[in-house]
Amino acid sequence: MNSLCFPKADRHVAYSLLNVVKSLIKTGKRKEAVIYSYEAMTILEVCLGLEHPYYLQSLALWTYLQNDSKKSDEELINLTRYGDNKPINISKLLEVTTPQLQQLAIDFLHILGYVALDKRRVKNVFMWNLPDGRERQVTFENRDVIAFYWTGIKDFILFISDNDGDENTMMFKQNVSEKALPSNRTIVYQKKGVMANILANDVDKSYVLLAINDANPASV
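Per numbering that gives the first Met the number 0, the very first residue in the sequence shown carries number 0; after that it's consecutive.
By construction, these hints were calculated from the structure, which means they are not laboratory data.
Do not rely on the hints blindly, as some may be mistaken.
[Unchecked claim] Here are the computed lysine-lysine pairs in the DSSO-like style, where the Cα-Cα straight-line distance is at most 30 Å: (1) 178 with 69; (2) 204 with 178; (3) 191 with 122; (4) 204 with 70; (5) 118 with 191; (6) 204 with 25; (7) 30 with 204; (8) 191 with 172; (9) 204 with 172; (10) 118 with 190; (11) 118 with 178; (12) 190 with 153; (13) 153 with 204; (14) 70 with 172; (15) 69 with 204; (16) 204 with 190; (17) 153 with 172.
[As the list claims (entries may be wrong)] Simulated DEER-style distance windows between Cβ atoms: (18) 210 with 180: 26 to 32 Å; (19) 139 with 188: 15 to 21 Å; (20) 153 with 50: 26 to 32 Å; (21) 142 with 9: 44 to 50 Å; (22) 118 with 177: 16 to 22 Å; (23) 15 with 77: 17 to 23 Å.
Note that CB positions come from ideal geometry on N, CA and C, so glycine has one too.
With the sequences and hints as input, model every part of the structure.
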């Protein structure tokens, strides 16, 4: 079956927009480039799908521009250049169906992080190395991981886990480098009857603002 693409979402329009992004980056106008990178990303999503490397590349580009990340001009411009157009079947690699991929996040230019069901049918965090296709599980919780967040500290993530299905949450930090032990997680916040969440996360300045409803359980 041939994929359809809406006229206003022609992928060639996306390529033209990315050329504009490249020119703006070269002239130091990164803020102006954000909207063009966003439009290019949404077009590639419609035309090529979430599993296509062009879309993933444009997602990384827009994320870095939107967050004003400390990437060099060359690193950002490299994300406007496309090579291999072979679709990446994330679902097949993980042996799960697409709806089970709860969260995607790209770190640096090579790592795709996501929450998916493990062999025990528990949601945990996985990392996938895009260049060579290697994937590995990095959290081993017995209760579902609800979400995870990259931090400003290299190789460290924060993740939120369900507390015995009672709609309260626990927060942990973990080193997800390949050399780290799987059991190295550290409790950030864990209190019965309390929900912990992340209100803001500045990965460039390594600041995280937590929201905790210990004063008012009705608050989320």
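Evaluated hints:
1. 178 with 69: holds, 25 Å
2. 204 with 178: holds, 25 Å
3. 191 with 122: This hinted pair holds, its Cα atoms lying about 21 Å apart.
4. 204 with 70: The hint holds at about 14 Å.
5. 118 with 191: holds, 28 Å
6. 204 with 25: Measuring from Cα to Cα gives roughly 24 Å; hence the hint holds.
7. 30 with 204: holds, 18 Å
8. 191 with 172: Distance of about 18 Å is within 30 Å: holds.
9. 204 with 172: holds, 17 Å
10. 118 with 190: At roughly 28 Å apart (the allowed maximum being 30 Å), residue 190 and residue 118 satisfy the hint.
11. 118 with 178: Distance ~22 Å between residue 118 and residue 178 Cα, so the pair holds.
12. 190 with 153: This hinted pair holds, its Cα atoms lying about 27 Å apart.
13. 153 with 204: holds, 12 Å
14. 70 with 172: holds, 24 Å
15. 69 with 204: Satisfied, since the Cα-Cα distance of roughly 10 Å is no more than 30 Å.
16. 204 with 190: Distance ~28 Å between residue 204 and residue 190 Cα, so the pair holds.
17. 153 with 172: holds, 12 Å
18. 210 with 180: 26 to 32 Å: This hint holds: roughly 30 Å between Cβ atoms.
19. 139 with 188: 15 to 21 Å: Since the Cβ atoms of residue 139 and residue 188 sit about 20 Å apart, the hinted range of 15 to 21 Å holds.
20. 153 with 50: 26 to 32 Å: Check passed, 27 Å falls within 26 to 32 Å.
21. 142 with 9: 44 to 50 Å: Given a distance of about 45 Å, which is inside 44 to 50 Å, the answer is holds.
22. 118 with 177: 16 to 22 Å: Holds, at about 20 Å.
23. 15 with 77: 17 to 23 Å: Check passed, 18 Å falls within 17 to 23 Å.
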